[in-house]
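Colleague: Residue strings, one per chain:
Number of protein chains: 4
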Amino acid sequence: MSTFGTLFRVTTYGESHCASVGAIIDGCPPGMPLTNEDIQPQMTRRRPGQSNLTTPRNEADAVQIQSGVEAGVTLGTPIGLLVRNKDQRPHDYTETDHYPRPSHADWTYLLKYGLKASSGGGRSSARETIGRVAAGTIAERYLKLAYGVEIVAFVSSVGKVHMPESSTDSDLLSEDYLKLLSTITREKVDENTIRCPHAETAQAMEERIMAAKARNDSIGGTVTCVIRRSPVGLGEPVFDKLEAKLAHAMLSIPATKGFEIGSGFKGTEVPGSEHNDAFVKKADGSLGTKTNRSGGIQGGITNGEDIYFKIAFKSPATISQEQATAKYDGESGVLATRGRHDPCVVPRAVPIVEAMAALVIMDAALIQNARQTAASLLPPLETPLPPSMSLPPKKVEEKMVKEIVQEQQA
Amino acid sequence: MSTFGTLFRVTTYGESHCASVGAIIDGCPPGMPLTNEDIQPQMTRRRPGQSNLTTPRNEADAVQIQSGVEAGVTLGTPIGLLVRNKDQRPHDYTETDHYPRPSHADWTYLLKYGLKASSGGGRSSARETIGRVAAGTIAERYLKLAYGVEIVAFVSSVGKVHMPESSTDSDLLSEDYLKLLSTITREKVDENTIRCPHAETAQAMEERIMAAKARNDSIGGTVTCVIRRSPVGLGEPVFDKLEAKLAHAMLSIPATKGFEIGSGFKGTEVPGSEHNDAFVKKADGSLGTKTNRSGGIQGGITNGEDIYFKIAFKSPATISQEQATAKYDGESGVLATRGRHDPCVVPRAVPIVEAMAALVIMDAALIQNARQTAASLLPPLETPLPPSMSLPPKKVEEKMVKEIVQEQQA
Amino acid sequence: MSTFGTLFRVTTYGESHCASVGAIIDGCPPGMPLTNEDIQPQMTRRRPGQSNLTTPRNEADAVQIQSGVEAGVTLGTPIGLLVRNKDQRPHDYTETDHYPRPSHADWTYLLKYGLKASSGGGRSSARETIGRVAAGTIAERYLKLAYGVEIVAFVSSVGKVHMPESSTDSDLLSEDYLKLLSTITREKVDENTIRCPHAETAQAMEERIMAAKARNDSIGGTVTCVIRRSPVGLGEPVFDKLEAKLAHAMLSIPATKGFEIGSGFKGTEVPGSEHNDAFVKKADGSLGTKTNRSGGIQGGITNGEDIYFKIAFKSPATISQEQATAKYDGESGVLATRGRHDPCVVPRAVPIVEAMAALVIMDAALIQNARQTAASLLPPLETPLPPSMSLPPKKVEEKMVKEIVQEQQA
Amino acid sequence: MSTFGTLFRVTTYGESHCASVGAIIDGCPPGMPLTNEDIQPQMTRRRPGQSNLTTPRNEADAVQIQSGVEAGVTLGTPIGLLVRNKDQRPHDYTETDHYPRPSHADWTYLLKYGLKASSGGGRSSARETIGRVAAGTIAERYLKLAYGVEIVAFVSSVGKVHMPESSTDSDLLSEDYLKLLSTITREKVDENTIRCPHAETAQAMEERIMAAKARNDSIGGTVTCVIRRSPVGLGEPVFDKLEAKLAHAMLSIPATKGFEIGSGFKGTEVPGSEHNDAFVKKADGSLGTKTNRSGGIQGGITNGEDIYFKIAFKSPATISQEQATAKYDGESGVLATRGRHDPCVVPRAVPIVEAMAALVIMDAALIQNARQTAASLLPPLETPLPPSMSLPPKKVEEKMVKEIVQEQQA
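Chains as they are written, first to last, in the UniProt record's numbering: chain A, 1 to 410; chain B, 1 to 410; chain C, 1 to 410; chain D, 1 to 410.
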């Protein structure tokens, strides 16, 4: 359906040529400062045509909060918001409409609904992602204010051009790469239009995209995202493990084909003895892990280390090249889609990935808040827990579970 | 939470040393023949120690249906089922319990809940998957009876030993591999204990596992799954695209680190012109795709082609090697886990992947049934739809949308 | 939360002084004709000030569909809709704002959220019901087109002025009253401004309201609603029995204090021997009940008889009389709310009740569609069911379960 | 479906003649002492045949916790529990099985599912309520330990025999009755087998029931329930107002026909000037209401006053009297149900009502915990809120919103 989340619940509407696209965000905590201007930057980062325009189109995709905010502060009630569509005319029927576009949703929408929007695959339009980005930005704002959470995504590959991630002698991510994950900022990411923070690679990626464009072709890529300073304890065993919710969120973004967290697919090739994240006492006395192959999640629950993951985006299906295919009626033919198309979408996918990540963390944090507060209201146990169910009885450092949890909430 | 699905809803309970593990399956269609014996085979395939035991432990993990079935037929009411735990004693506290096990859930359960089961990460136990397999087997039985759906998973890699998937000159899956996907059976998969249908690779995989075992180490791998004859039109835009639900389901299985569908991560490197799945008229007159890089899903909706995907399982965290790590109190030390451990879990993961796949398809099919039936009850439109929203007006073959859909339901 | 329903899912937003109020309706079947004009009549019936204005304010509360509809036909995707608020200025702070209004939500919103909208109880505003009515009207339109469902509500009491429901010698509803339920239309209901179909009673009700108005006081009442031609088999045991969903829906309407279905509270006083609804063969050969004390629902499931229920609305809390109460700071004082207030809301509640009834039936019908279609796709049982689980083996009339169900869907 | 709740989620299974009935409770806070013995007393109160047996059947309906508890303490993971059915034989087919029992669910289950359990309406069996009572008892235990919540239900009428609730000159509840609500205990309720705390009325009720029994007839009644010391701020606008959730919960209990909260149906007859609950400063400095016609809820949100409501239970459908009715095939006939039947169920309904009340409050408290904790983590606003959105600027007593909320959680 068009709803995501349990306690922080986002519902979106809208397709390409309707009056507006929008969203209702239900469950935003009350008392948070929020204006249209707080949402707009990520909306603008999501917009098409950014890299080719020197003048920013400030007027475009302007978000309008409808409800749930008064005097610039959230009320705790649903936040309605919308963005007007400029082109609200239904799509004109042309010769190309005899063809379901290959690897598009024209045909599957027709199969599912028995009819389709004139523009094709209805809600599979990129315009649908506007509501996600707006909602995710609100979630992110809360997480930043309450916990100092930082979410940064960037382009990690375009076609076969990959950022350097591992050293030559290992399948695991290099120290340098993990350091980049722990420090990367959106400002750094936006230094080039590709949104790849490795300048050399960004240059090669740009060339790869230009080559695709020159051939009226397209090319895919991957986006990597890191979530820093996430509260611990997020994720709900067993079906709503945090990585499961992240995978769900990411694979719901149009054109995605894969997701991996932590060491991912490469990690399957590394023996357990190398792959395990040994524990270590941190500078502040708390327990952490020496390495972070787990990607900040163990047993489906966040452990306080950086959460990082990668998403695969296929090459865009819309290309201006002629394609041999068949019409709806099965007759063979050649389809040539007119107009200018984006040869590579991964740079624009960056804020969408960040938005979906924020929605997952926000919802999980609210659910964990409920449990943690509930547990804290119980009177102390009369019989202490056996040591196997609690912390070992001796030599317990001050900086342990309770303190970590309390710090998260301070 | 411990519930999965909307209309076909599975809720599970149980950890390692409690009285039983079990599940409630709500939403199973009435009128389906079902006995304990229909569920048992997949339960048995999931059991540990299969390959080393010549005598099958028939008595073990025996599933007991509690409700929802009478005279061997489902009533449409919730099916309760349980499997007794043999060892119900709480875990004895030993020296090793001073240590949170590296890359296990001991520490994160403690962070999340403030206490933990004596056996460690509670619900992160492999025993938790029993309920999933039982529930998935019921879903699969329905899908087989109603639609002829076939779900087959197999081991596609162990460590660096991979089944041959592509030819040397392409990043895309080879014709041979796609043919294997379209024909592979569980019988074929079970011909060797590794559950890899490529005999040569299976041999190399077994050697790889033995090597890990010899070093008291462990090794990961991947499982590939194909769903054939899925109904068309499944998957709910925008947040519950079918691939998003599959990713959610798969990443909820313990020890998973990645998911890719269709061409997956490799597909991001192939230009759109090669990657697009052109349409073609099939032998029966219906519309299909010439290739299937999409993996049977476009715009989040099934198109009737084979659905196939791959899941990454990390190397098991439990190894008998000594590990330098820290205790709960932060003190450094060396942990040596005693006992015999499974050096590689992917063969046993095969029925779990199949079960979760069945749960996703089943739930999506019920939701699509609701919509399709509802749409079919509307009177015909007085004004016909414009051609851009429907099928083109001329030369429409008989074998079109409506017929395909009806056939699915015949 | 602000979402209602499982497969036909309505999410609303908006309070008194924000930019707009609106809703997203997710799960409307595709292929249904729908325009703003189809929704407007119930919106207009809901509007305040109808009875005092000779000129209808056609421009007011104009609903604007934003998405999910093209060429006047639903696409199956979410329908966004909104109604602009005319007065979008935040409420000016005055002396009366020192007081939480008695029996209003000012105080509880402050307790719940820690702050409140300047207009008082935020979403407890009557304006919130606009989204419900719009959504319910769409549901009702579908139910009418697909099944011929008829939903009619009316005012059954104002203060102590009640419509005649029972004869003097019985606590059960009279034949006359049940006949009225089976024939009443909205046109008939709207013949007077009170919306009570019993002319004499309507006159007395109007006098009762005028008396309240003259004293700057207010008065409550009840609304009765009947749903005719509902599909059979609706309602989900055990927690989502149809009457439970109806009660939930009705008690979510502002100012409601009670709900009763069928014979209701009075029925508790009648012995089982009189209260039971005996079965009888109907003219068309199908099985029906001779009486209908159950109100069309048995065991939580609709049986095809008329569904009827009554809802209690308390006397409006806003009155112009001076009220001795306390300020937020606990200081005693006298609150005099200025302005003109509606002394009785039940006439305007009529379309809101109808809307919520439609939402419940629509969602239940979609869920039952899913099950029924799924069951119909199973192959016939090899061993026939024992007679205790099916229809008796002999003398089964043609017009039985299957036919009734099929007829519902024809 | 068979699931109730969002964060405290109960799923039940089981019908009359299956192996067991049971439930999974997901979301119970960790760290709460819990044993089978804590659950058993309410199970025993629910059991049939209590009043006629001098020897308590201790062995009957013995609940067995399966999971989620170790060392007598909840782990925070799902609690599986079950109660064995003694009679697991399928129902023998007899002459009476040709008849759908009037006002039972036999016929509607057949309509809904196309088949039915041999015992009749499957899940509509009273045995289904076992899972609810077990789950509700766990919720209640938490609420008692964490907040001191007290939930007490009692029988308020049997047939036309009603407890005195109002004085003769008013439709509103009397001071005496409200005092009874604020002090009544389960011990007091259980002083007689009718579970009516007004001894004289209890005597008359018993006679009424004996009269029904003598005629092989049955009689209905009402149960009233009070929830004391509920946390403030519970209930989710707009569709999940607390009274809406309570109504849903109560109308999901078998045989219920009505629900009213606070002043209820009678309150609709009282003018607003009398009905409004004026505010008053309480002894402890906090704000309360002078009267409590609202029943502890305003705008769908709890205000800290007693929550009280009444539920209508129809006369049991199963009677030994001969009933003229029709067979499944439409043929007229006379049905005589053999065996001994309970002529009045309201005394046994008392613990079921208490259980459902606890489930509603528990779930609402967890959801409110999530919001409140989230709001508390936000940094203070830079610009203070306008007075219309907050507490008035002057003369604010110390004992205000924040303190009340904190106290609830202290």
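Just so you know, these hints were derived from the structure itself, not from any lab. All C-beta atoms, glycine included, are put in the ideal place defined by N, C-alpha and C. Careful, some of the hints might be misleading.
What the hints assert, rightly or not - Simulated restraints on C-beta separations:
{"hint": "1", "chain 1": "B", "residue 1": "Q64", "chain 2": "A", "residue 2": "A278", "range": "28 to 36 Å"}
{"hint": "2", "chain 1": "B", "residue 1": "E274", "chain 2": "A", "residue 2": "T185", "range": "33 to 41 Å"}
{"hint": "3", "chain 1": "B", "residue 1": "A199", "chain 2": "A", "residue 2": "P41", "range": "55 to 63 Å"}
{"hint": "4", "chain 1": "A", "residue 1": "D87", "chain 2": "C", "residue 2": "G72", "range": "54 to 62 Å"}
Colleague: Determine for every hint whether it applies to the structure shown.
Modeller: Verification of the supplied hints:
1. Q64(B) <-> A278(A): 28 to 36 Å: 42 Å, violated
2. E274(B) <-> T185(A): 33 to 41 Å: 36 Å, holds
3. A199(B) <-> P41(A): 55 to 63 Å: 56 Å, holds
4. D87(A) <-> G72(C): 54 to 62 Å: 19 Å Cβ-Cβ, so the 54 to 62 Å window is violated.
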